[in-house]
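Undergrad: One letter stands for each residue in the lines below.
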Amino acid sequence: MWSLFSIELYKISKRPRTYIAFIAITAIVGIFQFAFKADGTNYMNLMLQSVQDTFDLDKTKAINGYFMCYIILNTLLIQVPILVALIAGDAISGEANMGTLRLLLTKPVTRTQVILVKFAASTVYTIMLLIWMAVTALFLSMYIFGVDDMLIFRVKGEESQILQITKDDIMWRYIAAFGYAAVALSVIAALAMFLSIFAENSIGPIIATVCIVIVCTVISNINLPVIDDNVKPYLFTSYLVGWKGFFYIGTNADGEPIKGSLENWPAIRNSLLILFGHIGVLLTASVVVFNKKDILS
Amino acid sequence: MKNLLFLFFLGFTLPVFAQDINSLVASARKKIDAVNDYEASGRMKTNVTFLKVPVATVSIYFKKPNKLKVKSEKGISFVPKGAVSINMSNILGSDFTVIDGGDDKINGVPVKIARLLPTDENSDVVLSTVYIDPVKNLIMKARTTTRENGTYELEMSYGKFAAFGLPDKIIFSFNTKDYKLPKGVTFDFDDGTKIKASDVKNKKGRAEITFKNYIINKGISDAIFTK
Chain Z
2 MWSLFSIELY KISKRPRTYI AFIAITAIVG IFQFAFKADG TNYMNLMLQS
52 VQDTFDLDKT KAINGYFMCY IILNTLLIQV PILVALIAGD AISGEANMGT
102 LRLLLTKPVT RTQVILVKFA ASTVYTIMLL IWMAVTALFL SMYIFGVDDM
152 LIFRVKGEES QILQITKDDI MWRYIAAFGY AAVALSVIAA LAMFLSIFAE
202 NSIGPIIATV CIVIVCTVIS NINLPVIDDN VKPYLFTSYL VGWKGFFYIG
252 TNADGEPIKG SLENWPAIRN SLLILFGHIG VLLTASVVVF NKKDILS
Chain A
7 MKNLLFLFFL GFTLPVFAQD INSLVASARK KIDAVNDYEA SGRMKTNVTF
57 LKVPVATVSI YFKKPNKLKV KSEKGISFVP KGAVSINMSN ILGSDFTVID
107 GGDDKINGVP VKIARLLPTD ENSDVVLSTV YIDPVKNLIM KARTTTRENG
157 TYELEMSYGK FAAFGLPDKI IFSFNTKDYK LPKGVTFDFD DGTKIKASDV
207 KNKKGRAEIT FKNYIINKGI SDAIFTK
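Which chain is which? The protein sequence lines are Z and A, in order. Remember, the numbering used here sits 1 above the position in the first sequence when you count from 1. Remember, the numbering used here sits 6 above the position in the second sequence when you count from 1.
Next up, chain Z with everything else stripped away, as it sits in the complex (with noise of 0.2 Å):
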């Protein structure tokens, strides 16, 4: 199990599109670090809007590394998925594509173990995406921005807030939402493996899964009432974002943050149940149509 775990990373390591993934997060925040290094306070403006009618505030404090790598996951993790896609995508169909998924089922290993062993490795993919993305996106702002407390912009419900979080409470709370992001994408990661027993090819389950995943996004993101309630709840995107909920820190009753705490653990964890079924659903259901696939023809 362990070697061909080994020869999965051996072969993703291999590819050039896996290099294509840290590529493009390299170019992406390299991007926002210039524009907000250039001009980062018009960004600032749009999010303070008439708060700065009534306070001062030091706007250049504010635009610092931690501040950076929120807005920088903030976009980018709407678009990694689709980088996931490309890996997991590839993971039976490319097989299938090249011919060698007889060869590899001829192999004294189950077909469950594959499916298994592939996940494992998509999701190793996925996790160095993230690590890479920590490198990039925190700790060279960090050197680049320099440190202090964060500001988070948030609409809650119908009331828009700010929250300050201090400097030294701040890192725990990447580390767990790094983490949690994993677990997010390894949910796109097992969809995209899951499509990919279908197809031929990979350009098939690559195009499905983003599709699928912007479809999702977009439902997720439309305020009607009618929407909130029936379709979001069972849409896997409505809880992509929960990692920012380790950012929304918890509050006395005169609205003071309370250091190293969460507004709402309970809803962080339901998500997080809510994805890891999503895990066990896609896997199982790949395991169960994978077992059963005409590989002769």
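I should point out that these hints are in silico values taken from the structure, not numbers from a laboratory. Note that this is a predicted model, so its numbers are computed, not measured. From the three backbone atoms N, C-alpha and C, an ideal C-beta is built for every residue, glycine too.
Partner residues are not named here, just some residues of chain Z that face chain A (Cβ under 10 Å, in silico):
| no. | residue |
| --- | --- |
| 1 | I166 |
| 2 | T167 |
| 3 | S221 |
| 4 | S272 |
Once you have looked at the hints, place chain A on chain Z.
TA: Showing chain A alone in chain Z's frame:
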């Protein structure tokens, strides 16, 4: 003899009871005028519905005639723009006409109310109402209505720097504008909590500044106010 004693008693007590509001304001102003500059450290607690910010450690710098700077010692701080009015010389510094507003009580302490109308027609301040403790000559409360920035209200409590008219604690109330981000801009995580905007609109902001210590009349560089 009785009449003579009555007149003698009246001659001593009448100035105390019928202290002219102008002279009372002048006495309070004299105390404040004795401070040319100060540097104070303290803690600022901001209470605004849409702002969830921690208590800030701040330094406050003042220099005559009306330079005031509130600086955060560490981290980011939201300093209310009207905070310049926490300095009483900002209110009593300009020329004004005083109108007697009668008597009142603040926390059980009898106070005199003085309404100050600026003589300068172009002044941003339309009206200031100050509540003065006639015994200690200290301003206990002030309400300032401005043309551009609404109404500010200050409540002061005094301690060891009362001799300079400098408070140990100021509660500063101010108007806040509604803060509303367009939906969909922030891609927020919906945790299922429902909040209606109508519940939180039109609330006043409040900043509570507690001063730890003052360094008075030791000179302050102008550069501090330009940073």
